[in-house]
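Chemist: As given, the protein sequences belong to chains A and B, one line each in that order. Numbering of the first sequence is given in this note's numbering, commencing with residue 1481 and proceeding in unit increments. Numbering of the second sequence is given in this note's numbering, commencing with residue 1189 and proceeding in unit increments.
Honestly, the hints are just simulated from the structure, not real lab data. All figures in this text were calculated on a predicted structure; none of them were measured in a lab. For every residue, glycine included, the Cβ atom is placed at its ideal position computed from N, Cα and C. There may be inaccurate statements among the hints.
[What the hints assert, rightly or not] Distance ranges between label pairs, derived from CB positions: (1) D1359/B with H1707/A: 35 to 41 angstroms; (2) I1614/B with W1809/A: 34 to 40 angstroms; (3) R1543/B with I1805/A: 49 to 55 angstroms; (4) N1819/A with E1192/B: 36 to 42 angstroms.
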Amino acid sequence: MEFTFDLNTIWFFLIGILLVGYAILDGFDLGVGALHLFVKDDLDRRIMLNSIGPVWDGNEVWLVTGGGALFAAFPHVYATVFSGFYTALMMLLFMLIFRAVAIEFRSKRPMKWWRQMWDVAFSIASIFIAFLAGVSVANLITGVPIGPDKEFIGTFWSLINPYTILVGITTVALFMMHGSIYGVMKTEGELQKKLRSWVNNTIKFFIISYLITTLATLIYYPHMIQHFKEFPALFVLAVLNMLAIANIPREISKGRDFLAFLSSCASIAALLSLFAFGIFPNFVLASNNPEYSLNIYNAASSQKTLNIMLIIALSGIPFVLAYTISIYWIFRGKVKLNNMSY
Amino acid sequence: MDVEILSRIQFAFTIAFHYIYPPLSIGIAIILVIMEGMYLKTKDKFFENMTKFWVKVFALTFAIGVATGIVMEFEFGTNWATYSRFVGDVFGSALAAEGIFAFFLESGFLAVLVFGWDKVGPKMHFFSTIMVSLGSMFSAVWIVVANSWQQTPAGFHVVGEGINARAEITDFWAMVFNPSSVDRLLHVLSGCWLAGAFLIISVSAYYLLRDRHIRFAKASIKIALVVVMIASLFQLFTGHRSAVGVHENQPAKLAAMEAVFDDQTNAPLYLFGWVDEDNQKVNFGVAIPGMLSYLIGFDSNTKVTGLNSFKKEDRPPVNIVFQAYHLMVAIGFALIGISLLGIFFWWRGTLFKQRWMLWIFVFSVLLPQIANQIGWITAEVGRQPWIVYGLLRTSEGLSKAVEAGQVLFSLILFMLIYLGLFILFIYLLNEKIKHGPEDVDSIPSEIGHPKA
């Protein structure tokens, strides 16, 4: 593979960074959501909800901005994937709507049925968002049928197969693990004890599904490790990934919850980096004819646009990081409910 | 129904529903800044509690705005893939800039605004309120820039032909400051301020009529009245500027707005009428002779290009644009009237004794909402048959990979879900209004008792 450090490559990785940001940040929101129904008591559920309350919609902005950046930098990827995955994406959108309004509406009324209804909506939507995100990513690994005019020529059902389902489940497991660690960090007392015991279960769930996914990838989609053979240095990422995952139970057992959380963040970042290096320089592999694949060159905007966008990104991102960090700092520590809480 | 009409209905429906909420957020946010500013200045707890109540209303509108807004970001790609390929460089850049410059700012500081009352000091909280307000307006900036580029494309060149044709940026600032963006942005923003401020006026007037939360309601109305007076008068100016811009840049749209069929000087300005498109005349119309020509050029000899000067396939639908436009203008004047009348009674010290005026206030919340919707109908239907004016037709912008059945399925689901959302929104808003602000009136205060 030729590797030139040009604007197109930079943008491939910038979009990757936005998606890593989304996965790390909204990942724990989704994980908390996926675990929500396992918590039974109303007060505990409120604590779970309020642990992500102030931050979840800022976290979702990473996805929105990632979508906008993809639109601007690689319009053909945006157009082909979004129109090609139409039905799957519509379901994802409906789930994002349900999650948003469930969080907002739940606490507004005291009735038991009302709260139970939104709890279910919140939890199911969170699980589906994670699952559909995983299925979408998996389809970039397996490749999808694409015509010479860059248009998707498959159907909804061609997106669903055992491998993409497997990756979907692995994503749910990953976010459940991530969310349970976040929960441990934000809660105290009995609820924290409960969550702490769940961390180990979710790690097991994740490691098992991750191992199966890795095996399946190696067997059925060996092109994903092509670059790793060419540049053995990239194996460092895989090693880091495993170390980060292995470090989580260690930190949890020692009660260093924040370090466990950082390890979890690192393993998500490493996982997505492995994925990004695996598919590079393609965005969307054409399963019918590799020549029709959408890559960082034939799917990109003009150099001028990429350049302008880079200036926009570089001038905006320092501010984004500054206030994201400030806001997490302001809301650090254990959740305390008050009259403005959900 | 085919993919084109279904996709257009879906886009129109989802954007129209979405557009109920961001204007409310933008309008309420600016009033939150004023209220919290008064709290910091007077140190009167009364204003803090007032701000807290409206923050709760704001949070509700904001949440639905977020939930329905993410749909818009995806929908260009899902339903208008060919359009997305064509405009990605330009339109996509504006959307990405919106994410980086507006959404992060808005959603980040929203956390402090809603949940941070006891986490940060009053000054930091006030700063966050300002940032949320700014963020919400920055979002309007980039969206209006993107849309204005569709109306009056500038700062680009078209590369490639046929299915490979794409608009590429040649001059970023010419793209941002395209001929219509500034006028339209100001017009949109004052429409948003009106939407938010009239919600506050409406709820407060309801309290006064029910004899509840008197001090809270009076103070809220006064603050909001000042905003609507400025915004409604400003709207007259930005509306005029926008119409002149349409005359210069999109003559076919102006011709549809006023039902001008043949080129003419001394063109009349209709107050109302019903357009018979087949026979090219306006029935039941009442018009001021020469006024249209006069308004767009300050000279009744200004020539207005008629629809017949455009090829039949390049003309927008006339009657719908005409009706939407005229109703918007009528509402605009009604809002000026309501604001000035309110200010007049306030000046005379009798505002809160005029129960009929308070009833007008209660229902006035609907007017800016309707005007915002039909204003956009004027702008967007008036742009037809183009998706990018003069460059790409709406029918050419569709997704080739999407079938009618898929769109029908998603459209039905959108309708069901949004109907549910709307009912829940009204229900929860009503609950919030019934609950009212927390004991604002019982808090003793030495300063700032309003006299009226």
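Chemist: Are the hints correct? Go through all of them and say.
Modeler: Hint check:
Roughly 38 angstroms separates the CB atoms of D1359/B and H1707/A, a value that falls within the hinted 35 to 41 angstroms. Separated by about 37 angstroms at the C-beta atoms, I1614/B and W1809/A satisfy the suggested range of 34 to 40 angstroms. A C-beta distance of roughly 53 angstroms is found between R1543/B and I1805/A, which places it inside the suggested range of 49 to 55 angstroms. Taken as a hint, the range 36 to 42 angstroms is violated for the pair N1819/A and E1192/B, whose Cβ atoms sit roughly 50 angstroms apart.
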